[in-house]
Structures are given as C-alpha cells and as structure tokens.
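I would like the entire structure built from these sequences, with the hints used as guidance.
Each chain, written out:
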Amino acid sequence: MNASPNGEVLLEISGLSKSFGAIQVLHEVGLVLRAGEIHALLGENGAGKSTLIKTVTGVQGRDAGTVRLCGQDIAPRTTEEAVAAGLATVYQEVNLLPNLSVAQNLFLGRQPTRFGIVQGGVMRKRASALLREFGLDIDPGRPLGSYSVAVQHICAIARAVDLSARVLILDEPTASLDAHEVEVLLGVMRDLAARGLAILFVTHFLDQVYAVCDRITVLRNGRLVGERETAALPRMELIHMMLGRALEHSVSTRDAGRPRGDCIGAFRDMSRRGSIDPFDLDLHRGEVVGLAGLLGSGRTETVRLVFGADKADSGTAQLDGKSTRLHSPRDALRQRIGYCPEERKTEGIVAELTVRENIILALQARRGLWRPIPRREQDAIARRFIKALDIRPPDPERPIGLLSGGNQQKALLARWLATEPRILILDEPTRGIDVGAHAEIIQLIRRLCEDGLALLVVSSELDEIVTYADRVLVLRDRKQVASLEGESVTVSSILAAIASDDVAPKEQAAKEQVAREEVA
Amino acid sequence: MGIRSVMLPAAIAATLCAGGVARAEGLTVGFSQIGSESGWRAAETTVTRQEAKKNGDTVKIADAQQKQENQIKAIRSFIAQGVDGIFLAPVVATGWTQVLTEAKDAKIPVILLDRDIDPADKALYLTAVTSDSVHEGQVAGDWLVKAVGSKPCNVVEIEGTVGASVAANRKKGFDDAVAKDPNIKIIRSETGDFTRSQGKQVMESFIKSVGGKNICAVYAHNDDMMIGAIQAMKEAGLKPGQDILTVSVDSVPDMFKAMMAHEANATVELTPDMAGPAFQALNAYKKSGTVPPKWIETKSTLHTSQDSDLQQIYDEKKNLGY
Amino acid sequence: MSGAVHTAPGATRRLPRIPRAALPQIIALVAILAIDRAVSPGFFDIRMSGGRLFGSVIDVLNHGAPVAMLSLGMVLVIATGGIDLSVGAVMAISGAVAATLAGEPLAITIGAALLIGLVCGIWNGILVAFLRIQPIVATLILMVAGRGVAQLITGGRILTFSAPGLSWFGGGSVLGVPAAVVVTAGAIVVTGLLVRGTALGLMVEATGGNARASRLAGIETRGMTVAVYAWSGVCAAVAGILAAADILGADANNAGLYLELDAILAVVIGGTSLLGGRFSIGLAVVGALIIQSMNTGILLSGLPAEFNLVVKAVVVLAVLLAQAPRLRRVFARSAAPPKATEPAPARQQGAQP
Numbered sequence: 001m002n003a004s005p006n007g008e009v010l011l012e013i014s015g016l017s018k019s020f021g022a023i024q025v026l027h028e029v030g031l032v033l034r035a036g037e038i039h040a041l042l043g044e045n046g047a048g049k050s051t052l053i054k055t056v057t058g059v060q061g062r063d064a065g066t067v068r069l070c071g072q073d074i075a076p077r078t079t080e081e082a083v084a085a086g087l088a089t090v091y092q093e094v095n096l097l098p099n100l101s102v103a104q105n106l107f108l109g110r111q112p113t114r115f116g117i118v119q120g121g122v123m124r125k126r127a128s129a130l131l132r133e134f135g136l137d138i139d140p141g142r143p144l145g146s147y148s149v150a151v152q153h154i155c156a157i158a159r160a161v162d163l164s165a166r167v168l169i170l171d172e173p174t175a176s177l178d179a180h181e182v183e184v185l186l187g188v189m190r191d192l193a194a195r196g197l198a199i200l201f202v203t204h205f206l207d208q209v210y211a212v213c214d215r216i217t218v219l220r221n222g223r224l225v226g227e228r229e230t231a232a233l234p235r236m237e238l239i240h241m242m243l244g245r246a247l248e249h250s251v252s253t254r255d256a257g258r259p260r261g262d263c264i265g266a267f268r269d270m271s272r273r274g275s276i277d278p279f280d281l282d283l284h285r286g287e288v289v290g291l292a293g294l295l296g297s298g299r300t301e302t303v304r305l306v307f308g309a310d311k312a313d314s315g316t317a318q319l320d321g322k323s324t325r326l327h328s329p330r331d332a333l334r335q336r337i338g339y340c341p342e343e344r345k346t347e348g349i350v351a352e353l354t355v356r357e358n359i360i361l362a363l364q365a366r367r368g369l370w371r372p373i374p375r376r377e378q379d380a381i382a383r384r385f386i387k388a389l390d391i392r393p394p395d396p397e398r399p400i401g402l403l404s405g406g407n408q409q410k411a412l413l414a415r416w417l418a419t420e421p422r423i424l425i426l427d428e429p430t431r432g433i434d435v436g437a438h439a440e441i442i443q444l445i446r447r448l449c450e451d452g453l454a455l456l457v458v459s460s461e462l463d464e465i466v467t468y469a470d471r472v473l474v475l476r477d478r479k480q481v482a483s484l485e486g487e488s489v490t491v492s493s494i495l496a497a498i499a500s501d502d503v504a505p506k507e508q509a510a511k512e513q514v515a516r517e518e519v520a
Numbered sequence: 001m002g003i004r005s006v007m008l009p010a011a012i013a014a015t016l017c018a019g020g021v022a023r024a025e026g027l028t029v030g031f032s033q034i035g036s037e038s039g040w041r042a043a044e045t046t047v048t049r050q051e052a053k054k055n056g057d058t059v060k061i062a063d064a065q066q067k068q069e070n071q072i073k074a075i076r077s078f079i080a081q082g083v084d085g086i087f088l089a090p091v092v093a094t095g096w097t098q099v100l101t102e103a104k105d106a107k108i109p110v111i112l113l114d115r116d117i118d119p120a121d122k123a124l125y126l127t128a129v130t131s132d133s134v135h136e137g138q139v140a141g142d143w144l145v146k147a148v149g150s151k152p153c154n155v156v157e158i159e160g161t162v163g164a165s166v167a168a169n170r171k172k173g174f175d176d177a178v179a180k181d182p183n184i185k186i187i188r189s190e191t192g193d194f195t196r197s198q199g200k201q202v203m204e205s206f207i208k209s210v211g212g213k214n215i216c217a218v219y220a221h222n223d224d225m226m227i228g229a230i231q232a233m234k235e236a237g238l239k240p241g242q243d244i245l246t247v248s249v250d251s252v253p254d255m256f257k258a259m260m261a262h263e264a265n266a267t268v269e270l271t272p273d274m275a276g277p278a279f280q281a282l283n284a285y286k287k288s289g290t291v292p293p294k295w296i297e298t299k300s301t302l303h304t305s306q307d308s309d310l311q312q313i314y315d316e317k318k319n320l321g322y
Numbered sequence: 001m002s003g004a005v006h007t008a009p010g011a012t013r014r015l016p017r018i019p020r021a022a023l024p025q026i027i028a029l030v031a032i033l034a035i036d037r038a039v040s041p042g043f044f045d046i047r048m049s050g051g052r053l054f055g056s057v058i059d060v061l062n063h064g065a066p067v068a069m070l071s072l073g074m075v076l077v078i079a080t081g082g083i084d085l086s087v088g089a090v091m092a093i094s095g096a097v098a099a100t101l102a103g104e105p106l107a108i109t110i111g112a113a114l115l116i117g118l119v120c121g122i123w124n125g126i127l128v129a130f131l132r133i134q135p136i137v138a139t140l141i142l143m144v145a146g147r148g149v150a151q152l153i154t155g156g157r158i159l160t161f162s163a164p165g166l167s168w169f170g171g172g173s174v175l176g177v178p179a180a181v182v183v184t185a186g187a188i189v190v191t192g193l194l195v196r197g198t199a200l201g202l203m204v205e206a207t208g209g210n211a212r213a214s215r216l217a218g219i220e221t222r223g224m225t226v227a228v229y230a231w232s233g234v235c236a237a238v239a240g241i242l243a244a245a246d247i248l249g250a251d252a253n254n255a256g257l258y259l260e261l262d263a264i265l266a267v268v269i270g271g272t273s274l275l276g277g278r279f280s281i282g283l284a285v286v287g288a289l290i291i292q293s294m295n296t297g298i299l300l301s302g303l304p305a306e307f308n309l310v311v312k313a314v315v316v317l318a319v320l321l322a323q324a325p326r327l328r329r330v331f332a333r334s335a336a337p338p339k340a341t342e343p344a345p346a347r348q349q350g351a352q353p
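Chains as they are written, first to last, in UniProt numbering: chain A, 1 to 520; chain B, 1 to 322; chain C, 1 to 353.
There may be inaccurate statements among the hints.
[Said to hold, decoys possible] Incomplete in silico selection of chain A near chain C, CB under 8 Å:
id, residue
1, Ala351
2, Gln364
3, Ala365
4, Pro372
5, Arg415
[Stated by the list, open to error] Straight-line alpha carbon distances no greater than 30 Å define the calculated DSS-like cross-link-like pairs of lysine-lysine that follow:
id, chain 1, residue 1, chain 2, residue 2
6, B, Lys107, B, Lys54
7, B, Lys54, B, Lys294
8, B, Lys172, C, Lys312
9, B, Lys234, B, Lys185
10, B, Lys294, B, Lys73
11, B, Lys185, C, Lys312
12, A, Lys311, A, Lys322
13, B, Lys67, B, Lys53
14, B, Lys171, C, Lys312
Hint data in this document are derived by calculation from the structure and do not stem from the laboratory.
A virtual CB, placed ideally from N, CA and C, is assigned to each residue, including glycine.
If you want it as structure tokens, here you go:
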C-alpha cells in the first residue's frame with residue numbers, strides 16, 4: 001500500500017447527475033483521484049457505480065456536473081475520446097478480440113507499419129516488451145483466446161495503459177479470476193500505481209479492497225455516502241456505509257446435534273479424465289455439503305459429474321439405494337437432482353424469456369414435450385416463487401435479462417425448486433450478487449435444508465460456507481483432499497486443508513512466486 | 001445445377017473414351033458445351049451427337065457446368081488432342097482471345113454454336129451458327145398480324161428474364177412486327193422469368209387486371225411460360241387457342257401436345273440443330289477450303305396448330321432430351 | 001422484435017386481440033393490400049369460376065402458399081438460432097418424386113414426397129446437432145446437391161403429369177377454396193398446435209435463446225434441433241408438391257429456386273430474430289402474405305418489369321425499419337400519452353451493466 005494521499009489530483013469529478021426518464025440514478029456525485037493511488041469505488045448493485053463510470057468515460061451523456069482530468073474540463077462523447085484524453089477503462093468482460101493474437105490486440109488500430117504493411121515481427125517484439133513490464137512472459141503471436149481470463153485482463157490493462165492513460169478504471173476485473181490470478185492482477189495494479197497512475201477499482205470483494213486500496217468511495221442509491229482512507233475504515237463500518245445498515249452478523253446456526261437424515265445420494269469412485277480424480281460423495285437429507293477449494297481445483301467439475309452435465313469415465317451413483325445412470329442433465333432431472341450453474345448468464349438464464357418461463361423451464365422439461373404445463377398453473381408457480389423468494393420486480397412477464405443478478409439467481413433457484421428436487425446443487429450461488437441479496441440467499445439455503453433437501457454447494461466464500469455447511473469437502477488440484485465435519489468446519493481448518501501438509505512451506509513460497517508464470 | 005457435378009464428370013469421361021476409341025475416317029470434333037441448364041440445351045447436345053453419327057464424324061463433348069474456365073480448359077485439351085475442329089457454345093461473350101489464338105496457331109478451326117462472342121475476336125473463329133432471336137420475335141409477330149386480320153386485337157406479352165439478351169431481342173422483333181398493324185396493341189408486358197410457374201402467375205394477373213375478354217392474344221418469349229399461361233387461362237374458364245390466341249418461341253415438345261389439343265396456336269422454332277450446319281461448314285472447309293460466311297443463321301421455322309405434321313415432330317423431339 | 005405471440009401481462013389470453021408487437025406487420029399488410037386495390041380496382045372482387053373462387057386475393061393466397069409453407073418450417077429453425085437454405089432444393093426433390101410417382105395411388109405419391117422431405121430435414125438436423133456443422137454450411141450442402149438430385153430424378157426435363165390425384169393440389173378446391181390454400185391453412189393449424197399446444201414452442205425458444213442453459217435445464221436440445229429441421233424438410237416437401245401441382249409438372253431447374261430466401265425474409269418480416277429465441281408462426285405467415293401481396297400487386301400494376309425488384313426492396317426495407325427497436329421506441333413515444341411511456345430503456349441499461 002504505497003499511500004500517497006497527497007499526490008497530484010488527476011481526476012476530479014464533481015456534482016455529477018444523471019437520470020434515465022423519471023429515475024435519477026446519480027445525485028451530484030463527486031470523487032477525487034490522485035496520482036499513485038488505488039481508489040475503491042464500492043456500493044451495492046444499483047448504487048450507481050456503473051453509471052458513474054459510463055458517464056465519466058463518455059459511454060453515456062451526463063445531465064450535470066464536471067469532470068476534470070489534470071485540471072482540464074473534459075466531456076468525452078465516446079470511449080475513444082476518453083482514451084485520447086488519458087482515461088482508460090477495462091471492464092469485467094474483456095473488450096478484446098479472442099481470435100486475434102495477443103500482439104494484434106495490443107496494437108489494434110495502431111499497428112507498426114512500413115509502406116502500409118503491418119510489421120508482424122516488430123509488433124510481436126514490442127508486445128513482448130510491453131507485457132514483460134506487467135510480469136507476463138507469454139508468446140504474443142498466439143491468439144488471445146488461448147490464454148486464461150487473467151492474462152486477457154492484463155492484456156487489456158496493458159493496452160489501456162500503453163494508450164498513454166494516466167487514469168485507469170477497472171470495473172470488476174477480478175470477478176472471474178481465481179485466487180492466484182487475483183494476486184497477479186493486484187500486483188500489476190500496485191506496480192502501476194507506483195508508476196504514478198491513478199486507478200479506480202470497482203469490486204465486490206472487500207478483501208481485495210483492503211489488500212490494495214488507499215482510499216474508498218462509497219455510493220448508495222446514486223448518492224455519495226463518503227470517501228475514507230482504507231486504513232482508517234474498519235470492515236464493519238464499510239459494510240454499514242454500503243448497506244446503510246449493519247449486516248446481521250452471520251453466526252453459524254448449525255445445530256451440531258441434529259441427527260443426520262437418510263442418505264439420498266451415494267456416489268462412488270466418480271471420475272473424469274483430465275477434469276477430476278476419483279471421488280466419493282454422500283448426500284443426506286437435510287444436510288448441506290460444501291465444496292471448497294481454489295478456482296480450478298475441481299469443484300465445478302465435481303458437481304457437473306454429479307448432475308450428469310459431463311459424462312463420468314468411471315464410478316457409480318446410487319440414489320435412495322438404487323443404482324442409477326446419470327449420463328445427462330435429463331437423467332439427473334428425472335432423478336430429481338437440480339443444478340444452478342456458476343455461469344448464470346451463459347448457462348443459467350435464457351435472457352429473453354420471461355421470469356415465468358425461466359422458472360417453469362426445468363419442470364416442463366421433466367414433464368416432457370407432450371404435457372405442456374397449463375398457463376394457469378405456470379402463472380401460479382411463478383407467482384408462488386416470486387413471492388416466496390421475493391424476486392423483484394414481482395412481474396412474471398418481464399424478460400429475465402432485465403433483472404439484477406441477485407434476482408436472476410433467485411429465479412434460477414425457483415426453476416429447480418419448482419421441480420421439487422431431492423438433491424440441489426448450487427455452484428457459487430452468491431457470486432456477483434449484492435450484499436443484501438447475498439444474505440437472503442444464504443437464509444434460503446438454510447431454509448431449504450430444513451425442508452429435507454440435500455444440498456451440495458460450491459463456494460469460494462469461506463465465511464459463507466462455514467455458516468451453512470454441515471460438512472465441507474476440500475479440493476485441491478482436481479483431487480478431494482479433506483472432509484471436514486461438525487466442529488471442525490471453520491475457515492481456518494478449510495484454509496489449512498487447501499494449503500495442506502504435503503506442500504512444504506518453502507514450496508508454498510516458491511508456488512506464489514511462480515503464480516505469475518502459472519497464469520500464463 | 002448440381003446434376004452436372006454428380007453426373008457429368010462420368011459423362012465426359014465416357015464421351016472422351018468413346019471418341020478416343022472410334023477413329024473413323026470422318027472428322028473428330030471437340031464440342032465445348034455450356035451445360036445442361038435447360039431442356040433445349042440437352043436437346044442441342046443430343047442433336048450434335050446424332051449429326052456427328054450421321055456424317056460419320058466423331059464428337060467429343062465437354063460439359064463446362066456454366067464456367068468459362070472449364071470451357072477454356074476443354075478447348076486446350078482439344079487442341080492438345082489435335083482434333084479437326086472445335087465447336088464452342090460460349091457461356092460469355094468476352095475473354096476468349098487467348099485460347100482462340102492458341103487454336104488458330106494450331107490451325108484448328110473454331111465454330112461458335114448458338115451464341116456469338118465479342119466482335120473484336122471475329123478473326124479467331126471460322127463461323128458462328130446462331131439463331132436470330134430478333135427474327136424469331138418477328139416471325140411470331142408476323143404470324144399474329146396475319147391471324148388477326150382486320151380485327152382490333154389487344155396483346156399481352158410475357159417476357160423472359162429481365163436483362164437477358166434473348167428476351168430483349170424477342171421483344172424487339174415482335175414489337176416491331178406488330179407495330180406495322182394499327183389494329184394490334186400491346187396492352188401489358190411483364191416478366192415471367194422463362195419459367196412455367198411465373199408464366200402462369202403473370203397470365204393470371206393479366207386476366208385479372210384487364211379482364212380475360214379484353215385479351216385477344218398472348219405472346220410469350222418461350223414455350224414454358226406459355227404452357228403456364230395456358231393453364232392460367234383454362235383455370236379462369238377461358239379457352240386458350242380459341243378465346244385467346246397464343247404465340248411463343250422455342251417449340252418444345254409439350255407445346256406440340258398443346259397445339260394438337262387446340263390449346264395453343266403457334267410456336268416459332270429455335271432449332272436445337274446448330275451442329276448440322278456447323279458440321280457441313282467444317283467438312284466443306286476441311287475438304288475444299290471453302291470459307292463459310294461469318295454468320296450462319298439457323299432457320300426460325302413457324303409451327304402452327306393447323307400443321308399436319310405436329311404428331312411427327314412431337315415424336316422426333318420427344319427423345320432429344322427436352 | 002420478440003415476444004410477438006405473447007399478449008401483454010394481464011390481458012386475457014383467449015381474446016383475439018392484436019398484440020402490439022404485431023402492429024408493424026399488420027399495418028404493412030393492410031397498406032400493401034390498399035395499394036394493390038389502388039392499382040387494380042378489382043383487387044378484392046371474388047367470384048366463382050369453374051367451382052373455384054377466382055380473384056386477385058385468391059391469387060395472393062394461392063401463390064403465397066408455397067412460401068408460407070416454407071416459412072412454417074423456417075421460423076422454427078431460425079428460432080433455434082439456425083437457418084435452412086436447403087428448402088428450395090427440397091421442394092424440387094419432393095416435386096420430382098411426386099411427379100415420378102404421379103401414376104401410383106395418391107397415398108404413395110404424397111407419402112413418398114413427404115418422406116423424402118423428412119429424410120432431407122433429418123439429414124440437415126444431424127449435420128447441425130450432432131456433427132456441429134454451422135447451419136448455414138450444413139444446409140448449403142443440400143441446397144447445392146439437392147437440386148442436382150432433383151435433376152437426376154427428372155432427367156433434366158420438366159416432368160409433366162396429369163394424374164387427377166396429384167393435380168388436385170394445383171387445380172382442386174374445397175368449397176371453392178383452392179387446394180393449396182386449404183393445405184397450407186391446415187399445415188398452419190397443425191404447426192400451431194404442435195408448437196403451442198405442446199411445450200415445443202417454449203423449448204425451441206429456450207434452445208434458441210441459450211442452448212447451454214437449456215441443456216442444463218434438462219431440455220433435449222439436440223433432439224429439438226433435429227426435430228425442427230425435420231419439420232422444415234416436411235414443410236418444404238409439401239411446398240414442393242404444391243409447386244409441382246400448380247404447373248402440372250416437376251421443373252427441377254426452377255421449382256423453389258431462391259424461395260429459401262423468400263422464406264427467410266418472411267420469417268424476418270414476421271419479427272423473428274435471426275439470432276434465435278422468440279418466434280411467431282402467425283407473423284411469419286403474415287410475412288409470406290406481405291411478400292406475395294407485393295408480387296401480385298406489382299404484376300397487376302403493369303409496372304415495367306425492371307422496377308419489380310427495386311419496389312420489393314423498398315417495401316421490405318420499410319417493413320423492417322418499422323420493426324427496428326429504435327424506431328419503435330420513437331413511435332411509441334410520440335403515439336402514446338406521456339405517462340404510458342415507462343422508463344424501460346433506463347431500467348434495461350441499469351440491469352445489464
């Protein structure tokens with residue numbers, strides 16, 4: 001944390017307002033960004049973070065207010081103008097072209113040419129040099145899409161910085177990265193700040209905020225709540241600022257003495273080559289089993305086998321004591337297993353269908369083509385779940401793509417709950433969801449298991465897992481390495497299992513060092 | 001289209017082999033045919049074979065599948081084989097200078113069939129055997145003028161594909177011929193794309209927009225469209241051939257059937273026999289060095305429902321591949 | 001753009017009201033029919049002739065039938081995010097098969113033609129769903145080869161027939177309504193029932209909207225894909241029978257030529273996105289009628305043939321522009337009272353950062 005709070009002011013936003021129709025989404029928001037600082041922009045979904053960024057960078061026009069960059073008023077009308085002024089933005093979904101090479105992406109639109117012909121060699125050489133500054137040693141001739149998301153992000157940042165940016169806005173860059181990759185990215189951010197850039201960092205992850213940010217600006221409902229120095233802002237107070245209320249402290253309400261229900265699912269020796277080593281898994285009625293581990297440790301791979309989304313190379317599945325084939329999601333559906341995937345947008349919702357249609361989709365698939373659910377029943381189901389899960393807005397005929405992430409997630413839960421599953425698999429159920437909805441979903445998970453469902457939950461949020469899981473399976477390097485139960489389900493024991501014995505401490509250090517190369 | 005890709009390589013191979021084996025004392029001629037996009041062209045190919053047989057000559061036929069590059073390849077291969085003459089039905093008018101010069105250098109006379117090429121290359125071929133599509137239209141028009149006599153007559157015209165030179169020529173010839181007769185008025189003219197179904201649809205719209213009773217004659221740029229139009233008239237309760245006179249161009253076998261049923265009046269023949277005159281000219285040139293005229297025009301014979309030989313012509317044409 | 005068949009929330013579903021999303025198409029059809037009436041005063045006159053209804057409107061329906069048939073299959077294929085370029089060639093094949101077997105009992109003639117269409121459709125479906133060939137490429141194969149197959153069957157000539165059974169589809173009628181119109185209307189009803197009477201419609205929309213999510217929701221997306229291509233093949237076969245019966249002959253060179261493009265256009269005019277998802281069968285048929293009303297109108301007008309394509313292009317452009325989301329928003333703003341214009345765009349942007 002190279003705090004230089006008194007560095008030169010690079011970006012000064014004041015009195016910024018913006019409304020869409022009758023709805024005012026920004027009320028006279030101000031923000032100051034200094035050279036050499038990393039500044040977090042925090043707030044729940046709908047607080048106005050995205051709109052603020054869009055109005056500053058020219059994606060959308062503003063109604064009132066000024067934006068001064070290095071003391072000069074700017075009013076970019078397009079992102080290109082913003083970049084030209086020295087203001088670059090990197091979004092969560094990388095805005096580059098995966099089918100072009102890394103070098104082509106870095107120099108798109110400004111390729112080194114001689115007599116009008118692109119000089120591929122020169123370009124690749126310059127790309128290599130540029131990326132090395134960011135700690136990446138990769139082949140710039142390969143297509144960007146062949147590298148991990150983290151590398152793609154760093155390329156996007158490198159391109160933005162190389163376009164002579166002095167202010168860099170990062171909009172949720174870490175949302176789809178695993179822990180190693182996040183470390184690499186945070187490192188890059190620190191380096192850039194040390195070089196005198198000002199970075200505005202939008203994220204959901206408070207750990208990352210405390211790891212790298214010098215200052216924090218919090219928005220709520222389109223208004224500025226305040227700007228603080230990170231060092232002087234305790235976590236609880238920050239959450240208070242974001243929510244306007246203190247998050248009820250999540251103590252585990254697990255009833256340790258509760259008798260375990262019948263075994264619903266017994267999976268033995270399940271495996272898939274190159275994806276997950278053989279594992280055993282037992283699921284009991286009313287029990288929550290958590291799957292913990294770093295991204296890429298085989299958590300999602302495990303649940304995809306259980307659901308039949310991928311075909312297992314080996315193993316047997318028994319449901320309620322009977323041997324069962326689980327070769328496709330249809331088989332799983334028939335056996336009353338549900339699965340809410342991690343990738344909500346690409347694997348969960350059908351964006352242009354309505355909330356109602358999304359909710360009844362799996363139930364309809366189970367009933368089959370020839371037994372359509374009557375419209376009246378569809379309406380009843382949709383209404384019931386919209387009410388039960390408090391999906392907002394409570395309009396069953398709204399296309400689900402227009403809902404916020406948390407409400408989409410609830411609708412997906414409703415889709416599976418409508419099929420009355422025996423086993424429900426939730427892969428990162430709280431990812432990308434604002435804090436309020438977060439708590440609701442955790443409440444819901446508890447309620448579901450009280451109703452006798454067997455739950456299998458994948459989560460990176462260890463605090464969360466320990467609050468609801470009866471048992472936690474820890475995965476590392478595509479292997480199940482530990483099974484924790486009862487009193488031993490704590491954040492520290494999970495962490496210990498993830499970083500467990502057979503990795504010597506000095507290797508651990510070496511591992512962190514190679515992290516950068518690893519992501520490449 | 002696809003038939004060519006399926007069937008023709010085999011066909012080409014077969015004809016080439018046959019040509020190679022049968023070395024008669026007659027001439028060996030290479031024929032670069034455009035393709036087989038219409039019944040008429042299939043008939044032309046058949047007639048060419050028949051004519052060769054009749055003269056004791058040998059013909060090697062290469063189907064170009066509508067591609068000039070294939071025709072150029074075929075001509076080069078004919079030159080390499082040392083044929084006595086080359087018949088070419090050119091798919092386009094330009095781009096022949098190079099390959100025809102090669103043929104000329106090899107002293108192999110080239111005769112164009114059915115279509116002409118860029119006049120700049122006139123020196124590169126011996127002669128062109130083609131029909132005169134303006135004349136075809138004229139023959140049709142002249143017939144109508146005679147058939148109508150002194151009565152006033154409203155004519156509707158079903159044109160070929162917009163932009164096709166045959167369509168434009170047949171229209172010009174006909175329009176010029178009937179312009180001389182003040183009784184005849186062309187009241188409607190629409191394109192039927194040379195197909196039966198479009199011809200039918202266009203005729204239906206004519207009947208509706210001007211009334212079947214107000215139409216005295218139909219002129220169609222080809223027989224297929226006329227066959228469609230005849231159907232449209234019948235479905236509208238009109239008697240084609242009697243209530244409304246018909247005249248069209250091509251003389252496909254089905255038109256003879258219609259004329260025998262008195263549902264059509266006249267058709268101008270576009271003969272598929274382009275090869276006959278071509279063989280004659282080539283033989284004369286080879287044997288006695290007689291240089292034919294630069295253009296040999298085929299006859300545009302008029303057939304009407306009054307003719308007595310309709311059945312006979314129908315039988316002959318039936319097997320030509322129309 | 002989407003949701004054409006879905007009535008607004010709260011509206012009673014049974015009421016046959018025109019959904020707002022369907023307005024551009026309906027207005028376009030009415031406008032074109034009005035222009036047709038202006039250029040040909042007898043446009044709406046209908047009389048009986050030889051036991052059959054006779055008039056320009058009947059012509060529109062009769063000649064619109066093949067494209068309407070094609071669009072029935074095409075709309076489902078496009079809704080899954082695919083496209084079927086082979087329908088014109090399949091028409092030629094089925095027509096050729098029917099004409100070849102015209103002398104046999106009608107059931108055999110029709111059955112064989114439909115079967116060949118089904119086989120063609122399943123072939124396309126397998127290429128797309130199981131071999132994962134892009135739809136445009138997969139169906140291009142049959143588009144090119146299919147016409148060749150048809151030419152092989154007919155021997156390259158127009159194969160005429162006079163069997164009364166098969167001819168009925170061209171010249172016959174039911175209560176004066178031309179057979180082609182009756183058959184097509186029947187097919188529309190069957191397709192409608194098949195799609196909206198079962199869960200097929202929802203599943204097709206889900207598959208087109210997000211195939212991966214649909215598979216994970218337990219929908220048999222590959223089977224669904226094969227089914228829609230198969231249906232498209234069958235519809236094309238029916239269209240082929242109608243086209244052959246219309247001219248009492250199978251014209252392998254010209255039957256259905258470029259009609260795949262008309263069918264795609266009909267579907268697009270009907271508001272179904274080429275990206276897949278929401279679709280409307282009714283509006284696709286309206287699209288086919290718009291195209292045919294235009295064709296018939298141009299023929300009736302006596303406009304020189306050279307103008308046909310330009311006129312068509314202008315009309316199609318106008319209809320598509322009327323559907324463009326941006327323009328619709330402008331219309332909605334100026335047409336509706338201010339309070340009815342909900343700030344949907346704003347929320348839309350807010351929800352999808």
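query = Keeping to a limit of 30 Å between CA atoms, is the pair of B/Lys107 and B/Lys54 held or broken?
reply = Satisfied, since the Cα-Cα distance of roughly 25 Å is no more than 30 Å.
task = Starting from B/Lys172, check that the Cα of C/Lys312 is at most 30 Å away, please.
result = Distance ~27 Å between B/Lys172 and C/Lys312 Cα, so the pair holds.
key: Hint consistency between B/Lys234 and B/Lys185 [alpha-carbon to alpha-carbon, up to 30 Å]   = OK: B/Lys234 and B/Lys185 at ~23 Å, within 30 Å.
ask   = Do the numbers back the hint for A/Ala365, that is, is its least Cβ distance to chain C under 8 Å?
value = OK, holds: A/Ala365 within 8 Å of chain C, min 4 Å.
inquiry  = Need the status of pair B/Lys294, B/Lys73: alpha-carbon distance at most 30 Å?
reply    = holds, 25 Å
key: Agreement of hint A/Pro372 with chain C interface, Cβ distance less than 8 Å   = holds, 4 Å
key: Restraint satisfaction for A/Ala351 [CB to CB of chain C, less than 8 Å]   = Because about 7 Å separates A/Ala351 from the closest Cβ in chain C, which is inside the 8 Å limit, the hint holds.
task = Verify the proposed pairing of B/Lys185 with C/Lys312, using a straight-line Cα cut of 30 Å.
result = Holds, because 29 Å separates the two Cα atoms, which is no more than 30 Å.
ask   = For the hint on A/Gln364, does the least C-beta distance to chain C fall short of 8 Å?
value = holds, 5 Å
ask   = Straight-line Cα separation of A/Lys311 and A/Lys322 no greater than 30 Å?
value = holds, 19 Å
inquiry  = B/Lys54 and B/Lys294 were given as a pair; does the straight-line alpha-carbon distance stay at or below 30 Å?
reply    = holds, 25 Å
message = A/Arg415 was flagged as interface toward chain C. Is the shortest Cβ-Cβ separation under 8 Å?
response = The hint holds - A/Arg415 has a Cβ within 8 Å of chain C, the shortest such distance being about 7 Å.
In summary, the structure agrees with every hint in the numbered list given earlier.
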